[in-house]
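Number of protein chains: 2
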Amino acid sequence: MSKNIGLFGLGVVGSGYYQITQKIQQFIPKKVVVKDPHKPRALQVAQLAYEADYILEDETIDLILELISDADEAHHIVSNALEKGINVISANKKLIAENLKELLELQQKHGSKLLYEASVAAGIPIIEVLETHYALEPISKISGILNGSSNFILTKIFEEGISYQEALTEAQKLGYVEANPYLDVSGSDAASKLSILSLHAFGAIIHPDNILKLGIEDISHEAVDLAKSHDAVIKLIATATVQEQAIHAFVLPTFLPKTHELAQVAYEYNGIEITSDYQGEQFYKGKGAGSYATGASVLSDVKKLALGKGYAYNKYLQAKNLHHETSSHIDIYLSSSNETIISKLGIQTREFIRNEEGIQLIGKVSLQSLLENQKAIENNAIFIANISQELAHLSIDRLGEKVLVQR
Amino acid sequence: MSKNIGLFGLGVVGSGYYQITQKIQQFIPKKVVVKDPHKPRALQVAQLAYEADYILEDETIDLILELISDADEAHHIVSNALEKGINVISANKKLIAENLKELLELQQKHGSKLLYEASVAAGIPIIEVLETHYALEPISKISGILNGSSNFILTKIFEEGISYQEALTEAQKLGYVEANPYLDVSGSDAASKLSILSLHAFGAIIHPDNILKLGIEDISHEAVDLAKSHDAVIKLIATATVQEQAIHAFVLPTFLPKTHELAQVAYEYNGIEITSDYQGEQFYKGKGAGSYATGASVLSDVKKLALGKGYAYNKYLQAKNLHHETSSHIDIYLSSSNETIISKLGIQTREFIRNEEGIQLIGKVSLQSLLENQKAIENNAIFIANISQELAHLSIDRLGEKVLVQR
Chain A
1 MSKNIGLFGL
11 GVVGSGYYQI
21 TQKIQQFIPK
31 KVVVKDPHKP
41 RALQVAQLAY
51 EADYILEDET
61 IDLILELISD
71 ADEAHHIVSN
81 ALEKGINVIS
91 ANKKLIAENL
101 KELLELQQKH
111 GSKLLYEASV
121 AAGIPIIEVL
131 ETHYALEPIS
141 KISGILNGSS
151 NFILTKIFEE
161 GISYQEALTE
171 AQKLGYVEAN
181 PYLDVSGSDA
191 ASKLSILSLH
201 AFGAIIHPDN
211 ILKLGIEDIS
221 HEAVDLAKSH
231 DAVIKLIATA
241 TVQEQAIHAF
251 VLPTFLPKTH
261 ELAQVAYEYN
271 GIEITSDYQG
281 EQFYKGKGAG
291 SYATGASVLS
301 DVKKLALGKG
311 YAYNKYLQAK
321 NLHHETSSHI
331 DIYLSSSNET
341 IISKLGIQTR
351 EFIRNEEGIQ
361 LIGKVSLQSL
371 LENQKAIENN
381 AIFIANISQE
391 LAHLSIDRLG
401 EKVLVQR
Chain B
1001 MSKNIGLFGL
1011 GVVGSGYYQI
1021 TQKIQQFIPK
1031 KVVVKDPHKP
1041 RALQVAQLAY
1051 EADYILEDET
1061 IDLILELISD
1071 ADEAHHIVSN
1081 ALEKGINVIS
1091 ANKKLIAENL
1101 KELLELQQKH
1111 GSKLLYEASV
1121 AAGIPIIEVL
1131 ETHYALEPIS
1141 KISGILNGSS
1151 NFILTKIFEE
1161 GISYQEALTE
1171 AQKLGYVEAN
1181 PYLDVSGSDA
1191 ASKLSILSLH
1201 AFGAIIHPDN
1211 ILKLGIEDIS
1221 HEAVDLAKSH
1231 DAVIKLIATA
1241 TVQEQAIHAF
1251 VLPTFLPKTH
1261 ELAQVAYEYN
1271 GIEITSDYQG
1281 EQFYKGKGAG
1291 SYATGASVLS
1301 DVKKLALGKG
1311 YAYNKYLQAK
1321 NLHHETSSHI
1331 DIYLSSSNET
1341 IISKLGIQTR
1351 EFIRNEEGIQ
1361 LIGKVSLQSL
1371 LENQKAIENN
1381 AIFIANISQE
1391 LAHLSIDRLG
1401 EKVLVQR
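These protein sequence lines are chains A and B, in that order.
Here my numbering is used: the first residue of the first sequence is 1, the next is one more, and so on.
Here my numbering is used: the first residue of the second sequence is 1001, the next is one more, and so on.
I should point out that these hints are in silico values taken from the structure, not numbers from a laboratory.
It should be emphasised that the depicted structure is a prediction, and the values quoted were computed from it without experimental measurement.
Hints are not guaranteed to be accurate.
Said to hold, decoys possible - One-sided and incomplete, this derived list gives chain B residues near chain A with beta-carbon spacing under 7 Å:
#	residue
1	Y1182
2	F1283
3	K1287
Just so it is clear, CB atoms sit at the ideal spot from N, CA and C, and this is done for glycine as well.
Input sequences plus hints: build the corresponding full structure.
Structure below.
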């Protein structure tokens, strides 16, 4: 039962895990590998080295924790270990989401297990719940706030009336986002997590590159004011729904009424809603980031492996020809100071305002069109947000500008 | 892997389970036993009988589902099966909470397993989460709305301004409470659930009889008005906290600010908050009642047993001399038309009003005093509610009556 654990990484997650195991005096890593010999470290760790082989070539190591941020290096470590039949725990959503099929096959071929609870919504045991509680029950929708950094920024903007840039700076000061915040604020991180959730909720493998994702970087004060005037907020929401054999999955800033339970998930917290055939709606909320919260999640995976448990991938093994569908239309709000590419999006416009700051519009657009123009939308600093059903009445007509209805 | 399942009971839970297994064509009971041969039943079930031995004496049965309401009969079935080494799933919180120690010993002695996810908060997989995700992490508090029936009644009272009696009648019409609603509205049902949660969260065995519980039957319109005037609601909250080696556990109507996440758990929903050392606060919300929600929860236990999983009771096995502590004091609001026994409670009164409808007061009282006088409080139709910390400023002085401060 006692494991010889090799730990890669002493960043936020790795140091959280290490400190917790010191406290409980169980599952303390035998060896630790970090990348940078020159980085000052608060944590005193006995068996520390800088080369992966220090762990990978040690035959006594029977469990590897891959808690580094570099997805390529992580790929090397994880596949190497799984091929040797060694169990692995990873918190690297990018690595996992981009290689789901390969990682499933490696586990099957070599009889090794890969667990990754901490990769999605840190403290919320969502994969465990999907694997066990929902193993036999069809899920029709999973939707949530999966990126704590962008949620922190949006909460600051709405609660304190500060700008995106100010909120981002504060988030960086507090260590909630990386020096390069792109993965967090662009929706890419949430898309990786949605990809992982889709596997466990529906049995579908969707590469995160194929998931439509638009970020919050270009959120305008007009958008914030519009939300406030409708008792609403804007949240970065990842959603996957299944209808018949079609999955619709996307990550979009979304207008939600203040009373919506996801609207009340604040700062670094994550929240997930599940709708299923027999249990109706469930809601889970917990910390989406943080050294201890994520470290504790890794620890619960270690305990699970010690008891011989792994993922059964029941939904995946039973899944029938699900396909990723992007032809459906959604209601959107758009603001931009730049009209260049907007005509290319094929928006059915319901309301339209043009003034010196740029344009705003409300209308309908296909997911496919947004997906095809994703990069152009980003490059042209266009802010697009989904409008939730509860806010179907959202109108820029209240803003006191002349509204043009194009069709 | 394929189980020969014997099902006791075709009430709300049993029929929900049976119907779901018909849909998914897995884990369909081989035999069913019900109590009343004369009761008309919508469900057509092939192998049906009216004597427990039809299942208990069948040697091919290797899993028993005990889904009846009678706790004594349930005790007979469950202990009989566990003694024979047969695994059991039960949804009977009263049976389980009142016999935790015996049921643990039977499992240990005979190598049989008892699972009971559906006994607490139906659709929320709270026991699974406590057992696996929190196996190694100390929990300091678990608190929630664990009784859907009383929550339905309270929601109706607050949302529609109707009386307790009207709300109860409506709940009965909709089948949300039993003909005899006592267990639901008195807090007894929630106390049984809190007892079960305390075992899995803290490793403590507390008999539900020793948990202070006061109900909602005598909720006054003054109490409702007071809450509304403070942007608050009253919810029936079950709470257990651990400080050092002392557990404080009680079920009390509680004033909560409207913005509190438990205040937003409406109608038949349940909600549970967990505070733990490394993951901070988590929140879980789902249906607390309903045929399918509860049936699906039983099904997930069946699947778990099919995979050879059971409860590890990690917290219980590691627990160090926890004791149930009742000496602490809490802030309360009290309303009553009858002053007879109030002086016996030893309340440190902060505000006091007497008028033709009776008295109202705000003050501090010890849990021990409430526990000792629990029956008298109930018999004298006294309504007592805990005041949450966020509402420490709650004052009956706003009501326009002359407030007497006694000390």
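For each hint, the structure was consulted:
1. Y1182: 27 Å, violated
2. F1283: Holds: closest Cβ of chain A sits about 4 Å from B/F1283, inside 7 Å.
3. K1287: 5 Å, holds
When each numbered hint is compared with the structure, a violation occurs for hint 1 only.
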